[in-house]
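Participant: Chain residues, written in single-letter form:
Protein chains: 2
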Amino acid sequence: MNYPNGKRTTKTLKLNQKQKPDFSNRGMTLEEDINETNAYYLREGIAVVHKKPTPVQIVNVNYPKRSAAVIKEAYFKQASTTDFNGVYRSRYIDFEAKETKNKTSFPLSNIHQHQIDHMKAVQEHGGIVFLIIKFTPHDEVYLLPSPTVFTYWDGQWDGGRKSIPYDKVQEKGILIPFHYQARVDYVKALDKLYF
Amino acid sequence: MNYPNGKRTTKTLKLNQKQKPDFSNRGMTLEEDINETNAYYLREGIAVVHKKPTPVQIVNVNYPKRSAAVIKEAYFKQASTTDFNGVYRSRYIDFEAKETKNKTSFPLSNIHQHQIDHMKAVQEHGGIVFLIIKFTPHDEVYLLPSPTVFTYWDGQWDGGRKSIPYDKVQEKGILIPFHYQARVDYVKALDKLYF
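Residue numbers (the working numbering), protein chains in the order written: chain A, -4 to 190; chain B, -4 to 190.
With the rest of the complex left out, here is chain A (with noise of 0.2 Å):
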């Protein structure tokens, strides 16, 4: 579908930001697909990462007598980190994945400041960074190494665009192509990086 005013990019990032599953293509969000890589890594004994869970704030616990204690009341909070990190051949690595319906670029709007904050703070300690950024009109992973996406999001505080092209993204970053058992094989795209 078309819509010629612009409204499906904006329709997009809502979707997007609220972290609502994209149901196209394999049938898996790019999360799951990096979810099943890393337990994938970890039996293989290629690397250790986890994702970290969702930060919730409880405020309401019940104890029922001889059962789980269940949560009644609790909120949303805003994360202070990337959703990844681990080890790779000893290095420390941590990253952030997303997905865009955008064709044409990466909208800023999916990373947060406080994201940003985090992944230069990893870098100055000598931290493998990066993003993994998932074009789904494309049907393409990509691996974006940090410094560019800090170009880009310093960049726009200083007159500069809100996105990243995608074209910029596939001469700066590494595509990773799809792989039946690692689903985003992303520590391939590292060894040519940083090893």
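If you're looking for bench data, these hints aren't it; they were derived computationally from the structure.
Treat the hints loosely; a few may be bogus.
The list treats identical chains as one, so a pair stands whether inside a single copy or across any two.
[What the hints assert, rightly or not] Derived DSSO-like pairs: lysine-lysine, alpha-carbon spacing no greater than 27 Å straight-line:
| id | residue 1 | residue 2 |
| --- | --- | --- |
| 1 | K67 | K96 |
| 2 | K47 | K93 |
| 3 | K115 | K183 |
| 4 | K115 | K72 |
These numbers were taken from a predicted model, which means no experiment stands behind them.
Position chain B against the provided structure of chain A, taking the given hints into account.
Facilitator: For chain B alone, kept in the frame of chain A given last:
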């Protein structure tokens, strides 16, 4: 108080496992002290280490109009990793923090098999793994490197004792003295052990 029948130890363990706060000594739990230390490390550019959020299985969420989503039903899940990880001097670090009211040993029932599995995997991949143990009766905090933990953990299935003796923690671990700004200044111990 004395419990010559040994019940004191049992009671203490139950309290620890339920993770009730310890209101002894400085009025803060070990976890709170470490969270403050990590915030100080981040501010001062010393290290980037965070506590992982408590994992929660969310079952039911209300989305009221014009206000934040409310989680109405959720359950605590068992964590599949340790509580803290991050990057220090370009190395991946990973640890679990535990308090005990036991004077003479650290009971291994404070740790779980899946945490040991995680710690071993991290060590194999070149990460730095350890426990931070607080003996509240002594008001002492130790950093205990993973090899000693693994020796006692594996030994308990082989007829060994089900706790790590206090004097072994003193011998193999590093005492972390209390500092006003970095309440549990564990990176000093890491400097001695790993750098």
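Participant: Look at each hint and say if it fits the structure.
Facilitator: Against the structure, the hints come out as follows:
{"no.": "1", "hint": "K67 to K96", "in the structure": "neither (35 Å within a copy, 31 Å between copies)"}
{"no.": "2", "hint": "K47 to K93", "in the structure": "both (15 Å within a copy, 20 Å between copies)"}
{"no.": "3", "hint": "K115 to K183", "in the structure": "both (23 Å within a copy, 24 Å between copies)"}
{"no.": "4", "hint": "K115 to K72", "in the structure": "within (22 Å within a copy, 31 Å between copies)"}
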